[in-house]
Structure formats: structure tokens, C-alpha cells
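Residue numbers (this note's numbering), protein chains in the order written: chain A, 1070 to 1310; chain B, 6 to 253; chain C, 21 to 250.
A couple of the hints might just be wrong.
[To be verified] Computed list of chain B residues with no C-beta within reach of chain A, every gap over 12 Å:
id: 1; residue: Val40
id: 2; residue: Lys92
id: 3; residue: Pro103
id: 4; residue: Trp119
id: 5; residue: Asp156
id: 6; residue: Asn174
id: 7; residue: Pro176
id: 8; residue: Val182
id: 9; residue: Glu183
id: 10; residue: Arg251
[Stated by the list, open to error] Simulated restraints, written as ranges between beta carbons of each label pair:
id: 11; chain 1: C; residue 1: Asn80; chain 2: B; residue 2: Ala117; range: 53 to 59 Å
id: 12; chain 1: C; residue 1: Arg140; chain 2: A; residue 2: Thr1087; range: 14 to 20 Å
id: 13; chain 1: B; residue 1: Thr24; chain 2: C; residue 2: Asn50; range: 28 to 34 Å
id: 14; chain 1: C; residue 1: His231; chain 2: B; residue 2: Phe114; range: 56 to 62 Å
id: 15; chain 1: A; residue 1: Leu1110; chain 2: C; residue 2: Asn80; range: 40 to 46 Å
id: 16; chain 1: A; residue 1: Val1127; chain 2: B; residue 2: Ile129; range: 17 to 23 Å
id: 17; chain 1: B; residue 1: Ala39; chain 2: C; residue 2: His112; range: 57 to 63 Å
id: 18; chain 1: A; residue 1: Gly1274; chain 2: B; residue 2: Ile129; range: 27 to 33 Å
id: 19; chain 1: B; residue 1: Arg251; chain 2: C; residue 2: Asn80; range: 36 to 42 Å
id: 20; chain 1: A; residue 1: Val1131; chain 2: B; residue 2: Pro122; range: 35 to 41 Å
id: 21; chain 1: A; residue 1: Arg1106; chain 2: C; residue 2: Ser99; range: 44 to 50 Å
id: 22; chain 1: B; residue 1: Lys244; chain 2: A; residue 2: Asn1111; range: 35 to 41 Å
id: 23; chain 1: B; residue 1: Pro122; chain 2: A; residue 2: Ala1286; range: 37 to 43 Å
id: 24; chain 1: A; residue 1: Gly1211; chain 2: C; residue 2: Gly165; range: 53 to 59 Å
Just so you know, the hints here were simulated from the structure itself, not pulled from any lab data.
By construction, the Cβ of each residue, glycine as well, lies at the ideal position given by its N, Cα and C atoms.
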Amino acid sequence: MNAETRPLIKPQESGVSTVAAMRAVFSRDMKVAFRQRQDLLNPLLFFVMVVTLFPLGVSPEVSFLREAGAGILWVAALLSVLLSLDHLFRHDFDDGTLEQLVLQPQPLFLLVLAKTLAHWVLTGLPLVLLAPVLGVMVHLEGNSIAVLCLTLLIGTPVLSLIGSIGAALTLGLRSAGVLLSLLIIPLYIPVLIFGTGTVAAATEGAPVGAYVALMGAFLVLAITLAPFAAAAALRISLSNS
Amino acid sequence: MWQIFHKLGSPKWFFGIATRLMPWLLAGALALLAVGLVWGLAFAPKDYLQGNSYRIIFIHVPSAFLAQSVYIMMASAAVVTLVWRMKLADVFVKAVAPVGLVLTFLALFTGAVWGKPTWGTWWIWDARLTSMLILLFLYGGAIALDRAINDEKSAARAVAVLVLVGVVNIPIIKYSVEWWNTLHQPATFKLTEKPSMPAEMWVPLLLSVLGLYLMFGWLACLRMQTEILVREQRTRWVKEHVLARRAG
Amino acid sequence: MSVLNASDVACAHRPGYGALMSEPILQATNLQCERDERMLFRDLSFSILPGTVTRVEGANGTGKTTLLRILAGLNDAWSGELLWCGKSRNWHREEFLRNVLYLGHRPGIKALLTPMENLRALVAARRPVADTVLRQALSGTGLDGFHDVPCRRLSAGQQRRVALARLLIADEPLWLLDEVFTAIDAKGVSAIEALLQQRAAEGGAVVVTTHHELQLPGMRSIKLGEVAAQ
Chain A
1070 MNAETRPLIK
1080 PQESGVSTVA
1090 AMRAVFSRDM
1100 KVAFRQRQDL
1110 LNPLLFFVMV
1120 VTLFPLGVSP
1130 EVSFLREAGA
1140 GILWVAALLS
1150 VLLSLDHLFR
1160 HDFDDGTLEQ
1170 LVLQPQPLFL
1180 LVLAKTLAHW
1190 VLTGLPLVLL
1200 APVLGVMVHL
1210 EGNSIAVLCL
1220 TLLIGTPVLS
1230 LIGSIGAALT
1240 LGLRSAGVLL
1250 SLLIIPLYIP
1260 VLIFGTGTVA
1270 AATEGAPVGA
1280 YVALMGAFLV
1290 LAITLAPFAA
1300 AAALRISLSN
1310 S
Chain B
6 MWQIFHKLGS
16 PKWFFGIATR
26 LMPWLLAGAL
36 ALLAVGLVWG
46 LAFAPKDYLQ
56 GNSYRIIFIH
66 VPSAFLAQSV
76 YIMMASAAVV
86 TLVWRMKLAD
96 VFVKAVAPVG
106 LVLTFLALFT
116 GAVWGKPTWG
126 TWWIWDARLT
136 SMLILLFLYG
146 GAIALDRAIN
156 DEKSAARAVA
166 VLVLVGVVNI
176 PIIKYSVEWW
186 NTLHQPATFK
196 LTEKPSMPAE
206 MWVPLLLSVL
216 GLYLMFGWLA
226 CLRMQTEILV
236 REQRTRWVKE
246 HVLARRAG
Chain C
21 MSVLNASDVA
31 CAHRPGYGAL
41 MSEPILQATN
51 LQCERDERML
61 FRDLSFSILP
71 GTVTRVEGAN
81 GTGKTTLLRI
91 LAGLNDAWSG
101 ELLWCGKSRN
111 WHREEFLRNV
121 LYLGHRPGIK
131 ALLTPMENLR
141 ALVAARRPVA
151 DTVLRQALSG
161 TGLDGFHDVP
171 CRRLSAGQQR
181 RVALARLLIA
191 DEPLWLLDEV
201 FTAIDAKGVS
211 AIEALLQQRA
221 AEGGAVVVTT
231 HHELQLPGMR
241 SIKLGEVAAQ
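Go ahead and model the full structure; you've got the sequences and the hints to work with.
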């Protein structure tokens, strides 16, 4: 079989590079999100409201808030990422974009990684940027706030990455939102523990470098493994639709 | 080689093997459990610190042990499901997930019952108990996902992905929970700091662990057989099997 | 509204189709698919030859869409053998995907984006195409004046036309089109028919499912539903 008898079939290396395809996926998701800016605010509002519930529901005492503040912010951030995950693939699934994504010749896990990155930029990153304000509201000290933001900066991408697996697995199912939480929350626990633990260590004046490095290791692990799992899950969910 | 592999994956072949294996598994399980439990509960010496209350370990430890290894078994089967698409692996995961859930619950429950006389409280955020609680969530998630997907092949593959993600996470969860535990409460109570056991304690314990393993084997076979009959209900061999059972 | 105009827009952007292949571009042997515990089809064998239009026939629920999704590689709950140019399709997935265009009944059009943005995103995954070519293709499907309007303001038929614009610039040799005539008016239908025929004449292979009475000279068909009838 030489090329002359098969003029139709394109050789494997032709076409668009993987990086270009990832960029295209990322920029489309950004563009779609910015056409519906209101939706971008929802997880942020949710974040603020959940944090507000704690002083109201437990205690507005400075001592309590200072001790629990990092945990409250982390739990609230975790929940708002969880809430936004349902959208990660759902719209693409409904309008057929996801089918076209799976049929792109580039490796699917890298395209999924691009989508997850867009999800983080649109939800996780704003949470990190908002965290200092809320940190002040729960009476955290400057140093603690800085460490908190650092842990959120490293931790929220892990939340998005792990969450992408759950979002892919529950795609097209009834009551997908609740199910997604059930599947994903146990997997979020290590991130939560180290996120809040690092801030606690900083508050006590202990060095946090090792903990931050460990969270970085989580992030590396999640970037390496989660897109594979999410891509496999996407294929399974699409196959079933 | 491939033929043997294929044959191993055939539900019909497994059904026959399981039928022959199950009486032995059950007999072995009952014998070992009877010896282990009677020895452990009635004849093993009292613990010099905890008195008789420690005897719950003859139930607690085997169930905790098995609860974790069932998840590892499920993960191994999940690899088989995803790589070789072997039906039997699908059936195994589906059949044993609820068993794992019950064992985890049993471990937690006995842990709580043990905690009351030992620690003076039903629940304590001990690293091991917390890890077991998270394991319970993982089992629950796998079962919930399986129930939510109608198509059994898709369900098996989706659950396989989830179980594999879970098994990667289990060491991370365990490690972080232990770290969290030392961070938040200085180790006042620790399960691990028991005096090393005399043989009269660990031999019955070992027997009950082995007995529970065999019991699990029997239960897994039974549940897999049931699941196979449901899945293969339209095939001729199942119809013949049912007719034969009815006639006999 | 102007009709789809296949002839003058796009041919220049396709690679030359000199020789026709006589070997099947896609060959299925003993395909079997079971879905929700129901056998959709089994022992289904056929080959898709270059230069042909093949219609998948069958009543509702006989698995037309499922078959097309299996061929495209979206559904993998099947058994049997599927050869792509004589090689296993599953082992040459990337090459296969570069050479196939699949349009599902959900066409992959984002309601918030404009036709131009949609088309650009869909095509960009496969090869770089100049904007002028994209605009030409959109105009070719009768979307003149709607290039930069968000798709949610377009009618269902217009939205489908955005997806169909891909056909005018597609250089993939194998097209898999699911319910391609849905929501398209009579003039559009005949234009699509002409496009499919032209595509076959160029040496491409087209597989379609449709409820519409499609009559093209030399059209082949795959009949589904015999298993269900048994």
C-alpha cells in the first residue's frame, strides 16, 4: 500500500498539533463562559454565602473564627467547586460538542486536561482571588491568609482535576449532581486535610515548606493521572448515551 | 493460554466451579470461625489493661482486615474489566461491593462498641476509624454509581474506573488522615500501642481472619452465581439449569 | 434563503482525489451489538467502498444511530471486527479519526457562539482553515448575514446548517451522517443530496441514516431490524 494508490487517506502526522487543539478547546470554553458571565458569579456567591453561615450558625467570636477560619474557607471552596463541576461536561454533552471532542484525532486526555484547566481558571482561580477578603472577615492574620491563598492556589486545581473524573462518570445520569458529590467528596479529603493543616501549621508559626511541597506533589499526581481517568470515563459515558 | 483465560472468564464455567467449591468454602469457614471465635471469646486470657472488652477484636480485626482487602480485590477485578472486558470481573465487582460495605460497617460498628469501654466514648476521630469511614464512603459511591447506570456493561466499566481511582487514593487518604490525626490530637489513645499479644490471643485471631476470608469466598461465589443467573437468563444453559433445579 | 451550494465553494480546498480505491475503506464483519439487554443486531457484515453512498435503513429503535456511532468509534459496546483500510480500526484510532467526519443528531453547535466561532472551533481541531473559506462555506449553506449572530437566535434548521457547512470544506474521505436531513427545508434537502453524490463521485465514502426517502443512483443500503423482527 503506497501513497499513490491511497490519495484519500491522510497520513498520521498531518493536521493540527495537540497543543493547538488544546488551545482551541481552552479558548472555546473561555469564550462560552464569558458569553454567560452571570454563571461565573454563581460559585463565587455560593462561596461567600457558605462562609457567612458559619459566624451566624456557630459563633461570631474572634477566637473561634480565627481557629476555624481556614477550615471554613476550604470547605466552602470545596463545595463551590463541587457545585460547578456538573457544568464541566454537561452542556457539551447536551449539544454534541463532546462527541466531536472525543472524535478529535488528538489524545483525548490532553483535551480533557485543557477543559479542566479552563474550568479551574473560571471557578477555582476566582475563589483564590476572593479568599483574602473572606480571610479578613473571619479574622485570619496576614500570614495565615497568605498561606491559605497559597494552599488554595495549589489545591483548587486538584479539586477540578479529581472532579473531572466524577463529572465524566455521572454524565447523562439522573440526579447526577448528588451522585457526583457522593463519588468525589471522599477523594477530596486528603486535599482538604493538607490545605487546612498547612494553614494551621502556619498559624502556629511552624515552617510550612514541606506541606506545601506535598500539596504540590498532589497536584502533579492529579495532573498526571486524573485526565486519563476522566477521558476513559467520558468514553464510557458517551458509549452509553 | 488465551483459551484458558477465556474459559476462566466464562460465566457458565465459573458457575459450575463455584457450585463444587462452595460446600468446601462454607465448611472451612464455619470450622475456622467456630474454633477461632470460641477460643478467642471464651478461652483466650483476659487483657491485663482492657479486661474482657478487648475480645471484640476477634470480630473487629477480621472484618476491618477483609473490608480493605475486598477493595483491593475489586480494584484488581476492575483492571480485568477495563483491559480484557471479562464478564466475570464485572460480576465480581458488582457482587462483592455490598459485602465490602457491610464488612466496613461491621468494622466501624465494632470499633465504636469497643471504643465505649476503652476510650469512654462511642466515636473518636482516630486515624484508623476515620480511614474506615472514608472507605465506607468509597464503597457507597461505587454501589450508587452502579445502581445509577442502566446498561450493565457501561455500569461495570464506569464502576471499574471509579474503583481504580479510589484505590490510588486509599494510601493517600490513609497517610493524610494519620498526619491530620497527629496534628489535631496528640496521641492519647492509640490502637497500635497495645502490648504485643501472647500466642493464645493471636492464634484464635488468625483463625478468625482466615475463617472470615473463606466465608467471604463462599458469599462471593453465592452472590456471583445469583448475578450470573440474572445476567444470563436468556441463555440456554441457564434455562436448563433452572429447569433441572425445579425438577430436582 | 439560498440553497446549499456545494460545487463552487469548497472543492479547491480538498486534496486531489485522483485514483479511486476499490478496496473497502471500512469493513465490518459479524458486528453484534446488545443494548440495555436487547439485541440490536448480530452477524452484521458489510463493506463501505470509496465512491459510494450507503444508507442505513431500519425502523425506529433498530439501532441505526447506534451503528453509526459504532462505526465512528463513539460506542464501544460491540463485538465483531471492524477494519479501517484493511487494518484494525481500534489499533489505528488516531489515523482513523483524522480521516472520518461524524455528524450526530446533536451536531456540536454551541448556542452561545456565532456560526463563525462554532465552525472555526469544529474545523480547527483537524486542520487550519482560513476565515474566508469558513465564511464562504457558511454562505454556501444559506447563512449569509448570520455569520456573527449567536446561534441561539437561529432557527433549528439554521443551526443544523452551521453543522452542515462543515461538509462543504471537509476533506475527510469518510463521512458518517446521522439524520442529516432533520429540520432542513426541501431545497436544502436536494442540495445535500447533490453534495453527497458529488462527494461519492470524488471518491469519498458516505454513510447516512435518514427517515427521509433518499434516492441516489448507485446508492447502497444496510438493512437493520431483522433481528428485532425475529
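Open item on the list: Between the beta carbons of Thr24 of chain B and Asn50 of chain C, is the distance compatible with 28 to 34 Å?
Closed with: Holds, at about 32 Å.
Task: Val182 of chain B and chain A, when compared Cβ to Cβ, separated by more than 12 Å - done: Not fine: 7 Å to the nearest Cβ puts Val182 of chain B too close to chain A.
Task: Given as non-interface: Lys92 of chain B, which should sit over 12 Å from chain A by C-beta - done: Fine: 16 Å to the nearest Cβ keeps Lys92 of chain B off the interface.
Open item on the list: A cut-off of 12 Å on Cβ-Cβ distance, and Pro176 of chain B was said to be off the interface with chain A. Does that hold?
Closed with: 10 Å, violated
- [ ] Please test the hint of 40 to 46 Å on the beta carbon pair from Leu1110 of chain A and Asn80 of chain C.
- [x] 43 Å, holds
Task: CB-CB spacing for Asn80 of chain C and Arg251 of chain B relative to the 36 to 42 Å hint - done: Since Arg251 of chain B and Asn80 of chain C have Cβ atoms about 38 Å apart, the given range 36 to 42 Å holds.
Open item on the list: Please check whether the beta-carbon of Pro103 of chain B is more than 12 Å away from every beta-carbon in chain A.
Closed with: The claim holds: Pro103 of chain B sits with its nearest Cβ about 15 Å from chain A, beyond 12 Å.
Task: His231 of chain C versus Phe114 of chain B beta-carbon gap, inside 56 to 62 Å or not - done: 59 Å, holds
Open item on the list: Assuming the hint says 57 to 63 Å, is it satisfied by the Cβ distance from Ala39 of chain B to His112 of chain C or not?
Closed with: 59 Å, holds
Open item on the list: Quick check for students: does the CB of Asn174 of chain B sit more than 12 Å from each CB in chain A?
Closed with: Given that some Cβ of chain A is not farther than 12 Å from that of Asn174 of chain B, nearest at about 5 Å, it is violated.
- [ ] Please test the hint of 35 to 41 Å on the beta carbon pair from Val1131 of chain A and Pro122 of chain B.
- [x] 39 Å, holds
Task: Distal placement of Val40 of chain B relative to chain A, Cβ over 12 Å - done: About 37 Å separates Val40 of chain B from the closest Cβ of chain A, which puts it past 12 Å; holds.
Of the hints listed earlier, those the structure fails to meet are numbers 5, 6, 7, 8, 9, 22, in rising order.
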